[in-house]
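Chains as they are written, first to last, in the numbering used here: chain E, 52 to 439; chain X, 52 to 439.
All clues stand as given, with none of them false.
Here are some chain X residues pointing at chain E (derived, C-beta under 7 Å):
| no. | residue |
| --- | --- |
| 1 | Gln178 |
| 2 | Arg276 |
| 3 | Glu367 |
FYI, nobody ran anything at the bench for these hints, they're computed from the structure. Where is the CB? At the ideal position from N, CA and C, for every residue including glycine.
There are 2 protein chains.
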Amino acid sequence: VSREAFWCYVRFPDEEYERRLARLREAMAAEAVDAVVLSDDRLTWYFTGFGDVGPIGSPARPRVLCVPAVGEPAFFVHRSTELCVQEMSAVADVRSYRPLGPAPVAEIVAFLRERGCRRVGVELGAQLRPGMMVEDIDGLRAAVPEPVDASRAVWAVRMVKSEAEIERIRAACRITDRAYERALPSLRAGMTEHAVAGLLRRTLGEEGADDAWAWVASGRGQYDRIDGVVRERTLARGDLVFVDMGACVGGYWADFSRACVIGRATPGQLRMQELVAEVTGIGVATLVAGRTAGEAAGLVGAAMNERGLEFSSRAERYGHGLGLAVTERPDVWQSDGTLIRPGMVLTMEPGTWTEEGMFHCEQNVLVTETGNEVLSLSSWRLTEVMAG
Amino acid sequence: VSREAFWCYVRFPDEEYERRLARLREAMAAEAVDAVVLSDDRLTWYFTGFGDVGPIGSPARPRVLCVPAVGEPAFFVHRSTELCVQEMSAVADVRSYRPLGPAPVAEIVAFLRERGCRRVGVELGAQLRPGMMVEDIDGLRAAVPEPVDASRAVWAVRMVKSEAEIERIRAACRITDRAYERALPSLRAGMTEHAVAGLLRRTLGEEGADDAWAWVASGRGQYDRIDGVVRERTLARGDLVFVDMGACVGGYWADFSRACVIGRATPGQLRMQELVAEVTGIGVATLVAGRTAGEAAGLVGAAMNERGLEFSSRAERYGHGLGLAVTERPDVWQSDGTLIRPGMVLTMEPGTWTEEGMFHCEQNVLVTETGNEVLSLSSWRLTEVMAG
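Work out the full structure, taking the sequences as your base and the hints as a guide.
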């Protein structure tokens, strides 16, 4: 049994991490950055191979990866976890610290000094959240000659997925499709949104998800409830039931939405779902290499306007990146100038709501050299659950 | 149906939030802080009532709660989620912003100025992690007269649990006990650690957990694997199987560890488990009001030394707070001067490992006016799973 086989559901082969670090160094060169210091749990996992499907460890023991432009990186971890990290990390230079709470800022600064790093990138912007305290980030910035934002370099690498990553996202989408199709016919009037979400999560697990999320909004005349909380509201006959859900496979997520009606759908509901699906299809076609995320968003917005559809979800984006997080960079929105590249996995989800329910059929899309491929295959049609 | 009944598994009655805010203002007065600005998802949920069992929403849309010492608080949220937050939030003044990514720093600063706040607490230290970007924290600090750390005030409130919170933690511990006792007899030689963790999580769900975590380390001669990753390692006859697991009920966690042997335990294993359980019992007795966490840790360390037990887990703490996170402040360790108070829920887990396995029986303990109460009731004995 090879070392990697022990963690085969989360750990990629060493070569994957070598390629990621090489790509990071290229992105750092483009930004003229001498080193980056990363502590977000998803980022240290991404670059070292140490991590799990969900964040592990305690905020009392931050893990900090220092990647200099020249020479080997060093991974600073609490001594309680040192041996586990050594087993699993693709970064060989694992250094341990002892106090509980703060990151080992003095040791990190000494390492950067030793390597002659002046311009040092830390997690400041672009939706990054460091896994060490702001106090530690302050200490680090005070001690290096020129602290800068690491986010451009980091996202340039993470936004473009490798074959191995795409395989996991593809598996997550397949499981999500299957779980959705299997669970849907069990919905009944009298169930609560909370119970439906539980059923979806359990079914995702049964279909092979390592982790799962599911979110449900039901009823007519509901305003957009995205980012709301699943309620104890009881489903009634005639309700439109919107579900947003995703499997996690080896740490990579699907993000998929569909809807059904308990009983017969009204002509208005059927028409609106068809219209939103049509715009979603147009939106999917905009996600091609060479265009910016903002340009794609402009085209989606125009397609909605032409059809008199209001983008009432007010989400400020028609889609987003997908991968180690359910939502990550880039944002498919006018303000985002990110160039779309082959290997990006993006969602497309222009939505609207009316008095008759929420209409939204989120697709997961892989950008290829020649166009793109839709990874979420379940029908966008409004299913009528007749037994309910 | 009342408003609260819709989210009865996460939302407390309004009075709970009024008491929390009143206690926060007391803690702010003790620190001479004019306002605190909070964005960690667990903290905004704790003080406003808007939130779910796990973090919800996207890092692209931070939610920021401003609590001035005088006058009503304001809750800044992205406009896509404004109506949902208004439904659920106990803080009535919900203000929305539109751009994706950054927090609405200018609006927050204007609010603080309007209220005459000079000394403003933000999430800088003590294991806090803001839900907005460091760039936003920087912008906020640059614009207020005297930025300070909010962590002391925040933890002074959150560390002491209310009756309603204790009820949830008690339920989480009960479910964890039941799931552990029900799943354990199903363990068999030939199962992987990964499969055992999945079984434990599923059983926690079946017993009523809203969310669940489980972690497994097996085999003899294993060094401490806390914070390691569950492996595909196959259980063999004679293995000691250590499990660390917990149910989540309405957002509140249990954190519990026990162990079993596949087949017959050796006399050495039985003796070591008994010794660790004895020290754990002594440790539980140290967790009483009026003592500091550091003093309690000193007593546990002395009890280990007397028995020649090395604290080989190197975790740098014998226990920690428990509640909205599986591990939170305080740390039961010499360096933590936090005064133990009635209403705190703490873990006690002095552990060790030898060539024969990992020995660790984590207890969840409620500190009361007159002593304490152990909430995790399953036997600490090393179960022998004979069918395996």
